[in-house]
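Number of protein chains: 2
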Amino acid sequence: MNNDVVQKLDEFLRIPSISTSPDHAADCRRAALWVRQFLLDAGLPQTTLIEAENRHPLVYAEFTGAPGKPTLLLYGHYDVQPPDPLELWKSPPFEPEIRGNDIFARGACDDKGQTLILMEAIRRTIARDGQLPINVKVLIEGEEEDGGDHLEAYVPAHREALRADAALICDTEMFAPNLPTLCTGLRGGIFGELHVEGAAQDLHSGVYGGAAPNPLEAIAHIIAALKGTDGRIKIPGFYDAVESPAPEELTAWRSLPFNEEEYRQREVGSPELTGEAGFSVLERTWSRPTFEVHGIVGGFVNKGFKTVIPAKAHAKISCRLVPGQDPNVILSALKAAIAQATPRGVTSRFELFGSGPASVVNPNHPILHAAADALAQTFQQPTIYMRSGGSIPVVGLFQRELGIPSVLMGFGLPDDNLHAPNEKFHLPNLHSGIDAVQRFFDTLGNMPE
Amino acid sequence: MNNDVVQKLDEFLRIPSISTSPDHAADCRRAALWVRQFLLDAGLPQTTLIEAENRHPLVYAEFTGAPGKPTLLLYGHYDVQPPDPLELWKSPPFEPEIRGNDIFARGACDDKGQTLILMEAIRRTIARDGQLPINVKVLIEGEEEDGGDHLEAYVPAHREALRADAALICDTEMFAPNLPTLCTGLRGGIFGELHVEGAAQDLHSGVYGGAAPNPLEAIAHIIAALKGTDGRIKIPGFYDAVESPAPEELTAWRSLPFNEEEYRQREVGSPELTGEAGFSVLERTWSRPTFEVHGIVGGFVNKGFKTVIPAKAHAKISCRLVPGQDPNVILSALKAAIAQATPRGVTSRFELFGSGPASVVNPNHPILHAAADALAQTFQQPTIYMRSGGSIPVVGLFQRELGIPSVLMGFGLPDDNLHAPNEKFHLPNLHSGIDAVQRFFDTLGNMPE
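In order, the protein sequence lines correspond to chains U and H. Taking the numbering used here, I'd label the letters of the first sequence as residues 1 to 449. Taking the numbering used here, I'd label the letters of the second sequence as residues 450 to 898.
It is possible that part of the hints are untrue.
[To be verified] Taking beta-carbon pairs under 10 Å as the criterion, some of the chain H residues facing chain U (in silico):
#: 1; residue: 667
#: 2; residue: 672
#: 3; residue: 769
Simulated from the structure, these hints should not be mistaken for laboratory data. Beta carbons are placed, not taken as given, at the ideal position from N, Cα and C, and that holds for glycine.
Using the sequences and the accompanying hints, generate a full structural model.
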């Protein structure tokens with residue numbers, strides 16, 4: 001049975017469902033059909049594909065045969081990040097390879113492996129009992145990695161059908177191997193692209209250098225104006241509404257098994273860590289907002305040299321947001337700061353791709369306690385509470401539109417290389433995850449009504 | 450006959466001899482062979498290909514049948530810049546298209562069209578007289594656009610064979626259509642690439658943002674530290690040795706038919722011109738040094754979005770140098786300034802691709818006068834003297850190694866889109882250029898010995 005699920009994961013990982021790439025739209029649909037078939041085979045005959053023009057399909061399934069019992073909304077995503085840079089992969093990103101206890105492929109951890117945990121837990125429980133001990137609604141999407149709005153349009157339009165007591169999301173990580181972990185906070189974000197234009201066309205730097213504006217240099221000046229080398233973001237008002245974590249939370253974080261120097265050496269590998277002075281690494285990555293540049297495009301970038309002053313340049317930019325920060329307020333502040341920092345001779349424009357607020361979950365919610373118990377039983381260790389620096393916009397969506405908290409039960413590991421070459425998933429966590437989710441179902445099914 | 454030379458140019462332009470691209474090495478050789486064949490057919494039976502390992506061939510030819518007459522060293526290059534960005538070309542870069550009086554193709558002006566002027570002037574003069582009125586040595590290279598060192602090694606090793614009174618180079622432009630122009634100064638340059646490294650591999654910006662260094666941001670900070678938004682270069686000592694043009698030169702430049710606003714609108718097309726305050730556009734592009742960024746590579750640059758913190762980033766950078774500036778001194782200053790501006794958390798390194806000093810020619814040399822006369826006869830207008838912001842390292846090489854001045858007789862036009870999409874050459878200038886070079890040969894042949 002263990003081998004069957006690994007075989008299934010292998011199949012799932014072979015589908016290059018890169019949601020941000022128009023070339024892979026058919027693959028995304030193929031991944032959605034694969035998910036639907038799995039859930040049909042698992043014993044949820046109502047499973048359907050929800051399609052919309054120019055959107056990747058949603059897969060929806062439900063089991064409502066446990067009247068009076070709690071209802072969980074299970075969420076996962078079948079889409080993955082692009083695999084670039086390809087040359088750094090040790091095995092091809094869409095040809096899963098098992099090395100030791102890990103399976104290497106794009107999406108292995110984020111989020112096909114973890115989505116499969118939810119689906120396989122359903123399958124095994126139905127196989128064992130002929131039914132589930134609670135009601136479940138399953139919503140698997142294909143636009144998590146590209147900020148698409150299919151889910152965002154679907155959820156508010158189906159509030160009644162999606163009614164549940166809580167959501168269960170497996171898309172986060174364990175703080176350390178064998179340390180059962182619940183995530184109680186996620187950063188939000190603003191994601192977009194800065195476009196800068198100078199001359200009407202590319203120009204020869206010998207002939208025009210000294211008189212023509214250079215959009216690449218303009219982008220450099222804008223970036224340098226928005227964030228200091230000290231890691232402090234210089235967008236006016238950026239930190240105004242930032243809410244600090246509760247003192248107990250900070251105390252708990254300080255007691256986690258975490259060593260900044262080890263983290264630098266093992267996970268980051270840079271000569272030094274960077275970021276705002278006066279905050280620990282966990283504070284900087286969990287509870288402080290960021291400004292990051294993810295790519296700059298413009299000019300001559302191939303091997304060799306070309307003395308060109310490019311007409312245009314572009315930078316992909318994000319801000320991670322923390323509780324208190326309103327994405328619309330920060331977006332306005334970002335745009336104003338970009339306009340302010342744009343040197344003469346060029347025009348600039350920020351194109352928004354997507355945004356969402358940060359979200360925090362109350363660790364004292366009874367369903368969170370049930371989840372913590374299930375995890376603790378599986379791993380035979382007390383469950384710890386952490387936050388994550390990443391963004392899972394659906395948590396905010398479920399909170400806002402359905403009024404439900406999300407249980408973030410993650411089985412990734414800190415070295416799983418999410419969004420990077422050689423992404424992997426630790427196979428023992430696939431098996432433990434299925435066990436923990438089954439236990440969580442059972443615990444909820446036994447809760448006093 | 451006129452049509453024949455256009456047909457020849459068409460053939461020459463169809464060879465994609467992009468010297469900086471290893472994929473086009475065979476095309477470079479093909480272009481060299483084409484040049485050799487042309488010169489053989491023109492009546493120079495000694496024409497040879499000079500090859501060296503991992504270098505693009507030189508073509509050398511000579512006519513020494515005019516004892517007692519002056520000797521000119523004719524220089525041109527058959528290699529071209531890469532055609533990127535391809536999508537901005539109205540017709541394919543290596544399928545020449547004549548529209549109106551212009552022929553559009555990569556290399557049309559720089560420098561295949563102008564190299565052909567030299568070769569066709571030889572061919573016609575020999576066809577007319579059975580010989581040339583002066584001695585010529587012809588040296589056509591294939592590494593002008595990529596800073597290769599084949600010529601730089603060849604010239605010092607063949608000082609005796611290359612002995613001449615002056616060089617004639619057609620690789621510059623006329624100040625305006627129908628305004629016969631000699632160029633008396635060129636900027637030198639330093640060309641290279643800045644490499645910045647941070648983490649050991651690409652990281653997820655959600656998980657690591659706030660703690661991991663970002664090499665793209667480091668590059669932005671370095672660039673912003675090296676050059677202000679006011680166009681002033683902030684590398685310590687950068688301007689120390691800059692020699693100003695002579696007052697008469699500045700006065701002559703001010704009398705040229707040049708309007709900065711028209712230049713902005715017609716040639717640059719940006720909202721404003723940029724550069725150092727207190728200098729005219731001609732001063733800024735002819736006699737002031739520059740710092741330019743030609744391309745930045747790093748992170749995710751495709752369509753869509755990827756929340757990555759790249760492990761590495763790179764920037765292609767040049768400084769144009771003017772008389773007085775020593776490339777080695779400036780290189781050291783640039784490296785020191787980069788080291789100084791590199792933020793913590795990353796390492797940086799500047800890789801030099803090539804460098805050369807600026808060069809100026811004395812406008813009162815008798816051979817320059819002969820060239821000015823020939824041009825004035827062809828165009829029926831007095832010849833003007835300008836400088837050029839570009840770099841033709843061979844001018845410095847000939848000065849240094851052979852002790853000869855270079856006559857820079859250019860037939861490009863300011864809107865020929867050198868190094869840019871839709872490069873063109875004005876066909877009437879092809880014909881006038883051949884006429885002027887023939888007249889120059891004749892004038893030199895008639896000079897008192």
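Evaluation of the provided hints:
no. : hint : result
1   : 667  : holds (8 Å)
2   : 672  : holds (4 Å)
3   : 769  : holds (5 Å)
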